[in-house]
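Student: Position chain B relative to chain A; hints supplied.
2 protein chains.
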Amino acid sequence: MNETLRARPLRLDTAQPDFEQRFAQRLHWSADTDAAIEARVAEILADVRARGDAAVLDCTRRFDQLEVTSVAELELGPEVLRAAFEALPAAPREALQQAAARIRRYHEAQLEACGRGWEIVDEDGTRLGQKVTPLDRVGIYVPGGKAAYPSSVLMNAIPAHVAGVPEIVMVVPTPRGERNPLVLAAAHVAGVSRAFAIGGAQAVAALAYGTATIPRVDKITGPGNAYVAAAKRRVFGTVGIDMIAGPSEILVLADGSTPPQWVAMDLFSQAEHDELAQSILLCPDAAYLDAVQAAIDRLLPTLPRASIIAASLNGRGLLVRTRDMEEACALSNRIAPEHLEIASREPRRWEPLLRHAGAIFLGAYTSESLGDYCAGPNHVLPTSGTARFSSPLGVMDFQKRSSLIEVSAAGAQRLGRVASVLAHGEGLQAHARAAELRLEAGA
Amino acid sequence: MNETLRARPLRLDTAQPDFEQRFAQRLHWSADTDAAIEARVAEILADVRARGDAAVLDCTRRFDQLEVTSVAELELGPEVLRAAFEALPAAPREALQQAAARIRRYHEAQLEACGRGWEIVDEDGTRLGQKVTPLDRVGIYVPGGKAAYPSSVLMNAIPAHVAGVPEIVMVVPTPRGERNPLVLAAAHVAGVSRAFAIGGAQAVAALAYGTATIPRVDKITGPGNAYVAAAKRRVFGTVGIDMIAGPSEILVLADGSTPPQWVAMDLFSQAEHDELAQSILLCPDAAYLDAVQAAIDRLLPTLPRASIIAASLNGRGLLVRTRDMEEACALSNRIAPEHLEIASREPRRWEPLLRHAGAIFLGAYTSESLGDYCAGPNHVLPTSGTARFSSPLGVMDFQKRSSLIEVSAAGAQRLGRVASVLAHGEGLQAHARAAELRLEAGA
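Residue numbers (this note's numbering), protein chains in the order written: chain A, 1 to 443; chain B, 1 to 443.
Chain A extracted, bound-state conformation:
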């Protein structure tokens, strides 16, 4: 085995006196932004806002080496998407359809459980409620090049579709004209309305501001590189955005009952994304950690992306022996991982102790990769500890709610007195008078 292909995640024990310090150090990841990227992105956004299609064309020529004379030529029509789907061999075609069906079913259940309006009625006839409506038009960013993931197309477009969004606009860069047939086929399967072969900050700007050719959307979702992330952060407020993703992470809680090579492969499946991805294993059993390390050593050379996996595990990987499973759960809550596997015979015993995680994978058979592709729940999840306060992408991200308030004449008497007192207390007399006018009328 090549020396560069050794993968040795940092090994810690919570009983070590310097555990806290070394643990914190290993978890540290800075989301600090790059000033040069920020400045470049600000320029591109301003240019697209001012010059529209012309700026998009210039950027696309320059960054994607695509020589076209109009943005219309960059549109990938429905027939292009359908043709990509129909040209696929049977296996990927059926896999896309099966994954899409399961993702659709999960998000339909989500819509049923949390995506509907409701109303309550007071004894005086006052009605209060909430109305839920889909967004009018959303944009989905799909990366091109090496990180071109058709599964991301399904995971972004299907919840929007289930939410009832009538128009879903996809953008995907095609550097030097290279199109990814699986991405285009996934767009067909997922019900994308329009697609454009553009990318980078210029694509985000086009979706946020609109151009003569590209329609302005209400929200932009989907992953991208540092330029795309900076652009999304800047247009937030003009449009909605999903989240700014950091490196991907997996945390495995193991009680020693899952085959070590399964856990090793699950750690690899995170590490193979990129060098900054983080794979963590927590287990009370030191011998099990040894067994997983042995499986890592044995399996690593068999994988095409071994060098990325090794870089990730050597730089950011972590195997921690904990006092017990309870301590492992507490550590996991501090990390708030994006993906959390409970590799245990009793996953439902530990699940209630786990408060912060994007997705929780229960039991030995639930590899993260099943969730990534086809179990049904969304694979767009909060990273870098943001599961403390944010949630997987879902149907609700493609809807918005409006409060409904209908106060009866009788209700206006009761509420008007309260509002009048509080409004005067805040020095807002017109607020008070508006309530009082209704009081007098209904008295």
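Derived by calculation from the structure, the hints in this document are not laboratory data.
Keep in mind the model is a prediction, meaning the values are calculated, not measured.
One or more hints might be untrue.
Which copy? The list can't say, so a pair holds if one copy fits it or any two copies do.
[Stated by the list, open to error] Listed below are the simulated SDA-like cross-link pairs for lysine to any residue, each with C-alpha atoms no more than 20 Å apart in a straight line:
hint, residue 1, residue 2
1, K131, E112
2, K131, R334
3, K131, G385
4, K131, P89
5, K131, A291
6, K131, L111
7, K131, E43
8, K131, F23
9, K131, R8
10, K131, E75
11, K131, F236
12, K131, A330
Tutor: Frame of chain A, contents of chain B only:
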């Protein structure tokens, strides 16, 4: 009447040939940020991050003219909040309690309707679901000075409380030591856990990063000035934030059946917030628009905040005659107003046509001010057209969701084949192998 106290909202008719242009011009509001404020805020955030309490103290001395020697002295203990409540006269004390009870009830209904977990089970025993958990700790920013609104304390803290957040930390600046007793009393009523007399970007930084004295929170909500808004935007990602609010707006759809002076007062109640607030009336009946203008002329001099109201209506106010109510609804959807009153005899006839709004107030008795204080729904609403893609503050903003995935051995066979094909298609072989290992075992 003083000449400066004339309030003449711009009068338009959709039949005018230049209507579109004048309408768009009047709606225009730029959310462009101020570079000097941005730079100052970046400095303050970095300083608090590096020096913690010492930086908070320096800023508080400098900006709030408060000479204290430790941040602990700035804590407003529960006994301070309770004393403020108990010292209130009966009328505001009861008004606060009644408002709080109604806000609590509405948000409990919201929790019941949309804030619970759920699960579905496949025929092969695979279980998929969603777990809902409250955030651990949230921060609520409450402005001091002229815009000190106790109602905002209720509207931010109560949904967090109902969501089950165990710790709610309030910050409120007290320039030169001036405390607003209603704000402190509202904090007592709303169940705030801890409160600090700090404000500005330094308070946002302290909540986002934590200091020796001030606990780090997971999310910061609540309104503030340009410095607070810039700080919230910058810490977004480190913590969650609610939204960046623009100027407040009301749009009234009138069919002519509501007393014109009621509508005039409702327009005032928005305009009195500040000069940039926007009040818009849409109505098919020109005579009714005349009657509202006459009511404006008559009522304006009777209001203490007449000069702010006049500045707002003269600068941004708008009375539009539409062809019919349908056209008025379509125009309203283009604006996506924060507050939308349907001043009509048939509010439920028009409500289904209205797709974008923060809150919809139905019928003549439902003045916006009732909703602002005590109807029950939240008064923290999306402004500046962001109701196209965002929602009122609510219980869900203080919870997060985690996907739950438990694949059975049988399920792993079915799903593993699909995942394997898609993972190979994306060039992620460790993902494929992780699925395949479970295939072999379960075969």
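Student: Taking the hints in turn, state whether each one holds.
Tutor: Here is what the structure says about each hint:
no.: 1; hint: K131 - E112; result: both (14 Å within a copy, 15 Å between copies)
no.: 2; hint: K131 - R334; result: between (36 Å within a copy, 18 Å between copies)
no.: 3; hint: K131 - G385; result: between (32 Å within a copy, 17 Å between copies)
no.: 4; hint: K131 - P89; result: neither (44 Å within a copy, 38 Å between copies)
no.: 5; hint: K131 - A291; result: neither (54 Å within a copy, 32 Å between copies)
no.: 6; hint: K131 - L111; result: both (14 Å within a copy, 15 Å between copies)
no.: 7; hint: K131 - E43; result: neither (39 Å within a copy, 42 Å between copies)
no.: 8; hint: K131 - F23; result: neither (46 Å within a copy, 28 Å between copies)
no.: 9; hint: K131 - R8; result: neither (53 Å within a copy, 34 Å between copies)
no.: 10; hint: K131 - E75; result: neither (35 Å within a copy, 40 Å between copies)
no.: 11; hint: K131 - F236; result: neither (24 Å within a copy, 28 Å between copies)
no.: 12; hint: K131 - A330; result: between (38 Å within a copy, 18 Å between copies)
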